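Chains as they are written, first to last, in our numbering: chain C, 1 to 315; chain A, 1001 to 1315; chain B, 2001 to 2315; chain F, 3001 to 3315.
These are computed hints drawn from the structure, not numbers from a lab.
Model, not experiment: these values are computed from the prediction.
Hints are supplied without guarantee of correctness; some may be wrong.
Ranges of calculated distance between the beta carbons of each label pair, as one might list FRET restraints [stated by the list, open to error]:
1) ASP1163/A / VAL178/C: 39 to 45 Å
2) LEU1185/A / SER2154/B: 29 to 35 Å
3) LEU2315/B / SER3120/F: 32 to 38 Å
4) THR113/C / GLY2152/B: 53 to 59 Å
5) LEU3185/F / LEU270/C: 38 to 44 Å
6) GLU1216/A / ALA2254/B: 28 to 34 Å
7) ASP2163/B / ASP51/C: 41 to 47 Å
8) SER2154/B / ASP1051/A: 28 to 34 Å
9) PRO1010/A / GLY2152/B: 31 to 37 Å
10) GLU1187/A / ASP3163/F: 38 to 44 Å
11) GLN2015/B / LEU3185/F: 42 to 48 Å
12) ARG2189/B / ASP3163/F: 33 to 39 Å
13) THR1184/A / LEU2315/B: 51 to 57 Å
14) THR1184/A / GLY80/C: 28 to 34 Å
Every residue gets a Cβ at the ideal spot worked out from N, C-alpha and C, and that includes glycine.
Number of protein chains: 4
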Amino acid sequence: MAVHSQPARPVMLGQNQYGKAENRVVRVTRDGATHHIKDLNVSVSLSGDMDEVHYSGSNATVLPTDTTKNTVFAFAKEYGIDSAEQFAIHLARHFVTSQESIHRARIRVEEYTWDRIATSEAAAGPAGPDEPRHSFVRSGRETRLTQITYDGSSWEVVSGLKDLVVMNTTDSEFWGYVKDRYTTLPEARDRILATQVSGRWRFNWTGDEQKAPDWEESYEQTRTHLLRAFAETYSLSLQQTLYRMGARIIDHRAEIDEVRFSLPNKHHFLVDLEPFGLTNDNEVYFAADRPYGLIEATVLRDGCEARIPVDLSNL
Amino acid sequence: MAVHSQPARPVMLGQNQYGKAENRVVRVTRDGATHHIKDLNVSVSLSGDMDEVHYSGSNATVLPTDTTKNTVFAFAKEYGIDSAEQFAIHLARHFVTSQESIHRARIRVEEYTWDRIATSEAAAGPAGPDEPRHSFVRSGRETRLTQITYDGSSWEVVSGLKDLVVMNTTDSEFWGYVKDRYTTLPEARDRILATQVSGRWRFNWTGDEQKAPDWEESYEQTRTHLLRAFAETYSLSLQQTLYRMGARIIDHRAEIDEVRFSLPNKHHFLVDLEPFGLTNDNEVYFAADRPYGLIEATVLRDGCEARIPVDLSNL
Amino acid sequence: MAVHSQPARPVMLGQNQYGKAENRVVRVTRDGATHHIKDLNVSVSLSGDMDEVHYSGSNATVLPTDTTKNTVFAFAKEYGIDSAEQFAIHLARHFVTSQESIHRARIRVEEYTWDRIATSEAAAGPAGPDEPRHSFVRSGRETRLTQITYDGSSWEVVSGLKDLVVMNTTDSEFWGYVKDRYTTLPEARDRILATQVSGRWRFNWTGDEQKAPDWEESYEQTRTHLLRAFAETYSLSLQQTLYRMGARIIDHRAEIDEVRFSLPNKHHFLVDLEPFGLTNDNEVYFAADRPYGLIEATVLRDGCEARIPVDLSNL
Amino acid sequence: MAVHSQPARPVMLGQNQYGKAENRVVRVTRDGATHHIKDLNVSVSLSGDMDEVHYSGSNATVLPTDTTKNTVFAFAKEYGIDSAEQFAIHLARHFVTSQESIHRARIRVEEYTWDRIATSEAAAGPAGPDEPRHSFVRSGRETRLTQITYDGSSWEVVSGLKDLVVMNTTDSEFWGYVKDRYTTLPEARDRILATQVSGRWRFNWTGDEQKAPDWEESYEQTRTHLLRAFAETYSLSLQQTLYRMGARIIDHRAEIDEVRFSLPNKHHFLVDLEPFGLTNDNEVYFAADRPYGLIEATVLRDGCEARIPVDLSNL
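Work out the full structure, taking the sequences as your base and the hints as a guide.
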């Protein structure tokens, strides 16, 4: 067998974490003939007393990633999935409290939304108590996200969404900007504003002694405020729209202290139809792929500290 | 300059076509403060008298793909976009009738659906006539598809959809199958049945002298029948479910003569929780990625000929 | 339990097939300390006496897709994987000859190429017989493809590749084309020509009594001819380049009778630098995503019949 | 026109940045008949005096993202592209020094590698000085990355790569780990170890007064050390392999102080062939997609501070 002595050490180990990523768990619950589903993608990441596994390959402090996978599926049975947040809290607490070598757990969850398919009978009126209701169509709306971090004493909960695509077909301008040698863009007094929202928001719930938010209600309300702020802002720049979206969430949702958005400006260019003897009165647009503007910012409740990373993770 | 004589010819040119693919056109129409949008991805493919461009590089019969792109955007202005089908019919007719060298045009369209964002005022009741309605969120439901082919005399219209993900959490069995040396699968009396529907349906409208279907109404109705057949079929195999989906469309939609589906069986495996002292009463599933069953079939109106290709195109 | 009688029948079943798609098999063979790997993605598709499974859900003639998956893995052990083609031939023959209800098998394979990682010792000279050689890096060059179809009497073998991206930075022109009302494109006497080749070629080997080609050698030679034809053609249109690529294969590879290519014209637009007081002498290009020209054609040995479908499958 | 007064302010603006992402620039240089290409994807991100654009939509301090795009293409002409790092340094310096309102610039670059296509003549021997050499095939090996950050006084350069897929078919074990109630994994004394390397390394070059590394040479050497450490480590855990890869880079490349890796454990499961009466002596594997182990860590030169973020950005 081969050598596994340590390399000579002018080299240090820094931050490290490990776990099983993208566990695709579907949980069915039954209320008579009515079924409910939760469809999650759960990623586990653990840190702690892990120097030796890096230096010598000793796994004596390592709970296998396969075990973390098993735990996800077992907990779906034992605790059910009331919300992605609640489920991830169960998991994080378990890993940190049950293994001495694990000092911190970070659980990330993607959630996919499903709608019920109306059956022929149901379509004719409200479904009766005995009618089967076990058929679903994936809604395809945005992916809901949460990330729970627990270090044995306090919690950090950052929820959010990605791939929420929105468009205003008017009430957007862009002018009065800096012009240098490389500026050719004409000013715009009426343009399409479209973006694919990636957002994260941090809750001020940090300890078990506090009452936890209603995670499901909080998500739906936050999403609604975000959409309305987008729709109702007369926009002079995407930065301004971003700020209004964040500020509206901070203003209306007392459980949230910090919001960060990453907003690609999905350019819709007005097509020049003059060569064809046609006028284009903001009617026909080319939806471009790349490059795209990218606007990113954090909006904070006054006095709060920013903790969401500058680069939002894709998972 | 370099040589472009023809290679010695024991070699023939077969079927060929060319055009501009994936023109991303967004069309806005305004009804006072209420805006409407159509968001399409249009691909043009032309065939005809094109031997010389292949043999010698002479472009004398070639309308540039760039021109076909311009035509898509100009027609969005000139004709508007009532439906993807109607828009593609305008385009196909134009290419075949305006250029002698073009004998056949095939136009493919992907359509993305957008929902309105309810603003704060609107949310409190029906939107008044003066309230702005120009804000949209992409619905993320399936992608709608159409393909129009025109050869100067008759039309072929094949519409459909892709990425419609559906699930039944019960009323699915699988047993009584052939067993050979390599069979290990246990029979199932109650399983999840889930698939990502890719479907195409061919209309019997072929000529300008016939009244054309209401394309928008036809799509919504066909989609509804497809979903209900999926939801209402007690399934002994995915093949049976597929057939019912197709048969229900043929039965209810007189304008459609042929349907083809490609249905990946998105396996949801019941997780074995026994090692953890837990029972899994059809509650916790692992959603697998690959491999997947793949079930494909055509369903036809009696006496009609099948024309949709065996392999559905992804675009 | 629910009803599964047949629907009233003005409806017929057309072409149908089923199987397990995307079985990801990696086969290791060992020659002392030197290991070899084959990395395949295998999709099985079977047809035959399958009416009842569609009409009534009876699985009496259905070999489960799970069994076809098991067979792929078992055959990797029993027969090894000399080439994707040879492996798929074993599988297709097995399904058709071992099950009465299966009349046709189509096996598709994607193959991923790996290169050896040179170790420190090996790098200093040729690897000695005892040096370990079990480390690989995925090459990332194109994906190799094959499709084997067997109906119990004759074989059809179509091989090919996808995602082979090539570029000529000169020796490409485009002019002399048709101009209509919607034409704005300026003629080009020196442009970049780039494409992402998707190609398929059909072998004239159809029966066990014929000597089969050397599949590995054939692939490497065909790929080389394709690349050289691309590089050595002074191009007046992408159609001309496509034809030369196909003709060169037909000319040089006697085992191949038909070639079809789907070539997206990956536009590289010369950037207008004049506004910045700079000239752009074919030096700086913008690589565009969409839309793209799409050029598709079949090239045939004289007298042969075209059988590769117009739309190349992505798998 | 609509209102754009500021919202009442219990809300603060935090970190923010903006720019044009994914500018796809291809630069051709010509040395007689021999052409050279650089193929980059450049993303610009600027920060500075940007409060007002968020609060009121005033663009008075905003250089448009469109201008940053133009600058990328103009600089490709004015400065050429010796290396992704050098090109990004030019850009970052320009934005910070030419605009008072811009205090920090971060430039990210993806680079795609192309190989020459050997032409028929060239293949017969070394290419002569007059033979055309303007044909390329994209290599498909990993994507090279760099990120340059400049605040007007010091530089941070983090380079790296993604999508480098590697595999050892032996010399990997995994045993001796923690077992809890949810552990079912059997210990392994000989397994496949495969991963898709995402790595970033930070240079200790921070100021113009220091001699800059040879960026091209540094990349090739670092990649080689990474690959060899992977190949030559007899692995008891992926963490150990990760550490060796990082330590070898720190040991051999004096210009690098910090390395971070994110290594998905691409599981290859030994297929159980016993039900078919076959033994599987580490020959046949199933390559799984999800879930996957995910191992992440930083390796540092002794005494240096870690600055690469825990979550590696995908772009």
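* Okay, LEU2315/B versus SER3120/F on CB: inside 32 to 38 Å? -> holds, 33 Å
* Taking 28 to 34 Å as the hint, is the beta-carbon distance of GLU1216/A and ALA2254/B inside that range? -> violated, 54 Å
* To do: Could you see if the CB distance from LEU3185/F to LEU270/C stays within 38 to 44 Å?
  => violated, 58 Å
* To do: Take a look at whether the Cβ-Cβ distance between SER2154/B and ASP1051/A falls inside 28 to 34 Å.
  => holds, 32 Å
* Distance restraint evaluation - ASP2163/B, ASP51/C, Cβ atoms, bounds 41 to 47 Å -> Holds: the Cβ-Cβ distance is about 42 Å, inside 41 to 47 Å.
* Per the hint of 31 to 37 Å, is the separation of the Cβ atoms of PRO1010/A and GLY2152/B within bounds? -> holds, 32 Å
* Taking the CB of THR113/C and the CB of GLY2152/B, does the distance hold inside 53 to 59 Å? -> Hint violated: Cβ distance 48 Å, outside 53 to 59 Å.
* That 39 to 45 Å hint for ASP1163/A and VAL178/C (C-beta), does it hold up? -> holds, 43 Å
* To do: Given the range 51 to 57 Å, decide if the beta-carbon distance of THR1184/A to LEU2315/B lies inside it.
  => Violated: the Cβ-Cβ distance is about 25 Å, outside 51 to 57 Å.
* Cβ separation of LEU1185/A and SER2154/B, checked against the hinted range 29 to 35 Å -> Holds: the Cβ-Cβ distance is about 32 Å, inside 29 to 35 Å.
* Cβ separation of GLU1187/A and ASP3163/F, checked against the hinted range 38 to 44 Å -> holds, 42 Å
* To do: Indicate whether the distance between the beta carbons of ARG2189/B and ASP3163/F respects the range 33 to 39 Å.
  => holds, 38 Å
Figure legend: structure checked against the earlier numbered hints; hints not met, in rising order: 4, 5, 6 and 13.
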